[in-house]
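Respectively, the protein sequence lines represent chains F and C.
Okay, so the first sequence: first residue is 1 according to the numbering used here, each after it adds one.
Okay, so the second sequence: first residue is 1 according to the numbering used here, each after it adds one.
Hint data in this document are derived by calculation from the structure and do not stem from the laboratory.
For each residue, glycine too, the CB sits at the ideal point set by N, CA and C.
Hints may contain errors.
To give a feel for the contact side, a few chain F residues facing chain C, derived at Cβ under 8 Å [as the list claims (entries may be wrong)]:
| hint | residue |
| --- | --- |
| 1 | G70 |
| 2 | E72 |
| 3 | V82 |
Over 12 Å on every C-beta distance to chain F, these chain C residues come out as not near it, computed from the model [unchecked claim]:
| hint | residue |
| --- | --- |
| 4 | V11 |
| 5 | G43 |
| 6 | F86 |
| 7 | R130 |
Covered by chain C, according to a simulated footprint, are these stretches of chain F (three or more residues, beta-carbon under 8 Å) [said to hold, decoys possible]:
| hint | stretch |
| --- | --- |
| 8 | 4-14 |
| 9 | 43-51 |
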Amino acid sequence: MNEKIKLPVGLGCIVIVLGFMIFSIFNAGFAQWESKSIAGFFINEGWRQLSATNTVTTIVWEYRGYDTLGEETILFTAAMGVFAIGAGLFAAEKTQSSREKATLSPSVKEPVKA
Amino acid sequence: MNEIVRTGAKVMFPLILLFGIYVIVHGHTTPGGTFSGGSIMAGGFVIYTLAHGVRKTEIDMKEIAINVLKSVSGFILIMLILFELFLRTALVPTETLFTLWSGSSLMFFNIVGGVMVFTGLLMIWYTIARTDVE
Chain F
1 MNEKIKLPVG LGCIVIVLGF MIFSIFNAGF AQWESKSIAG FFINEGWRQL SATNTVTTIV
61 WEYRGYDTLG EETILFTAAM GVFAIGAGLF AAEKTQSSRE KATLSPSVKE PVKA
Chain C
1 MNEIVRTGAK VMFPLILLFG IYVIVHGHTT PGGTFSGGSI MAGGFVIYTL AHGVRKTEID
61 MKEIAINVLK SVSGFILIML ILFELFLRTA LVPTETLFTL WSGSSLMFFN IVGGVMVFTG
121 LLMIWYTIAR TDVE
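Just chain C, same shape as in the assembly (with noise of 0.2 Å):
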């Protein structure tokens, strides 16, 4: 792509990874969650994508570390379900409304869903920008 989406893709990148972090830590106090989230930062790779080119897109972020980083988050996520009666006891008294530090289990649960629906796109997106489309 030319020269002003390459600039553009470079200024709002960054932007759009912070905003889809925000959506998914604090899933359990404002409107979204893991999967507005996750898609939010998947969008952000596919304008990085279309701006730089798949080649340095899987260069900056390797598909050995998407798949690594999907496999744990699975396996946290069953951890988490099986232990969160436990996390949920410990949790709940040392929190308060209406702050980030509440939500007792939810927030753990947005941040490994959230990185799931993220990893997963970005598979999808890799697999489909690598194959032909003419």
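So here's chain F without its partners, still in its complex pose (with noise of 0.2 Å):
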């Protein structure tokens, strides 16, 4: 693209989403919310359904539970996402045969004889 049209075009961009944002915002009708949600049946319901006085658990285990489920599913990805990355660093390490200079910093090795 034209170095000269970049600019304008993408400004242009920018305040086109930023206008539709606003005027969703605006659009969305704040005062009709409680006739229009379900937030009065999980505060009226919930409790008697599940027995539960916590009503942000019953939403977040039972009426959003998938949701939840991807959660958990991203944590585990996250935490074998790092674990992946510290093997490969680990074995990097070990290619280049300074594993004794480069396996813990001082101050988390070991405790220090007072």
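Need the complex rebuilt from these two chains, each delivered in its own frame; the hints are there to steer you.
Here it is, written out as structure tokens:
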């Protein structure tokens, strides 16, 4: 794309997206949420259906349970990713035979005898 | 670390673990639950590692135990999701509000999810603590 045209086009896209977001925020109708939403159902019926007094836990693990399963999957995947990165670092260090030099920092390596 | 940190960690470590277990188990009656309780328990192990070193922590809480615990809790989570309706219909009539024995399947969900969060954060912490930070 031409260099002269790049900046106006980008700014125009940003202005259009921001304008749409602000328009939708003002059109959302916060005043009618009480009659439209299902918050009243959660508050009035949630403890009766599940006999639990913490409504947040009721929503997170029951009415929105599959989303929480996805969160757990994300955490599992993140832990395995960090684990894989660490294992790769160790393998690289072993091949460079600098294992003794760069295993641990002295602050967390061993307790210093006082 | 020096003697003061080690003594403080020795005193605080069981209390932190106990508080984390309390937050997890009472997740359906009081504020808190899975993620906060698991984070508190993992923070207790972080303090233990900073006081005693990674080697002693790895001897006390082995990494293979963490992996097995995480896999088993994930399997139990899927089983709980599959049979949640039967559990709820069986448990709700026997329970009373505002006590520990309430919140039909939520308590089991909280315990299993808390173990998963705890082991996941602990895996991340072991990997970070073992690598070189210089």
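Verification of the hints:
{"no.": "1", "hint": "G70", "in the structure": "violated, 12 Å"}
{"no.": "2", "hint": "E72", "in the structure": "holds, 6 Å"}
{"no.": "3", "hint": "V82", "in the structure": "holds, 5 Å"}
{"no.": "4", "hint": "V11", "in the structure": "holds, 16 Å"}
{"no.": "5", "hint": "G43", "in the structure": "holds, 15 Å"}
{"no.": "6", "hint": "F86", "in the structure": "holds, 14 Å"}
{"no.": "7", "hint": "R130", "in the structure": "violated, 6 Å"}
{"no.": "8", "hint": "4-14", "in the structure": "violated (count 0)"}
{"no.": "9", "hint": "43-51", "in the structure": "holds (count 4)"}
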